[in-house]
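According to the numbering used here, the stretch in the sequence shown is residues 16 to 222, in order.
For the record, the hints were derived by calculation from the structure and aren't laboratory data.
Note that the structure is a prediction, hence the values are computed from the model and not measured.
In this text, a Cβ means the ideal position worked out from N, Cα and C, and glycines have one as well.
Hints should not be assumed to be uniformly reliable.
Claimed, not checked - Restraint ranges, calculated between C-beta atoms of paired labels, are given here:
id : residue 1 : residue 2 : range
1  : R49       : E162      : 34 to 42 angstroms
2  : A167      : D81       : 49 to 57 angstroms
3  : K123      : T73       : 56 to 64 angstroms
4  : V68       : E111      : 55 to 63 angstroms
5  : T114      : N47       : 51 to 59 angstroms
6  : E161      : Q192      : 26 to 34 angstroms
7  : R134      : D174      : 44 to 52 angstroms
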Amino acid sequence: MARRQTLAVAIPFSQIVFCGECGEIYRRVHWNNRGKKSIVWRCISRLENTGLVCNSRTVFEDLLKDEVIKAINDLLGQKDDFLEFLSNNIEIVINEQDTTAVAETEKKLEELQKQLLIRANSKEVYNDITDEIYRLREEKHNALVEEAEKKAVGQRLMDMTAFLKEQPMLIDECDEQLIRRLIGKSMVYEDKITVEFKSGVEVEVEM
């Protein structure tokens, strides 16, 4: 059985915990129940008037922390399988990247700019050229956005791969840096929590 390692104690769940019932975000609340103070997380629909009726459960912060640690340890416990999954997905992302699309669009734009200048100097109609320039500019913008998204996905996959390789044992605690590095979103349901890692892997933990 893998040994456990303590990393830290602080767990910042702000902006990453959501309600599985209504979809709203969970908020950290200081509770004082008959003189007993505690920190819990509750759906904002139960704290404010969001227009949604929600009966989602209240979760103690310690429990939320434990469930996230279980999810991370679930990955660590199946490290080899997840590393293979991540490797395959990294290869897919790399193969999908097309660095020539933007360059080709830029060449077309340069040529159209020359044609536009010629027509303008000759006082000819050039509406068709300007329309095509606008279309290609939008095409270039979309291609750049798509490439940036693919690079971001690839980076998240590589980051998770690095974590799994560098972490030799299970963990007892995790800190803000680790949470922000690995986890994209967590959904709270009545009997379970799903933890969605930034790599796209999702782990379900029963409560």
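Original post:
Any hints this thing doesn't respect? Which numbers, in order?
Top reply: 1, 2, 4
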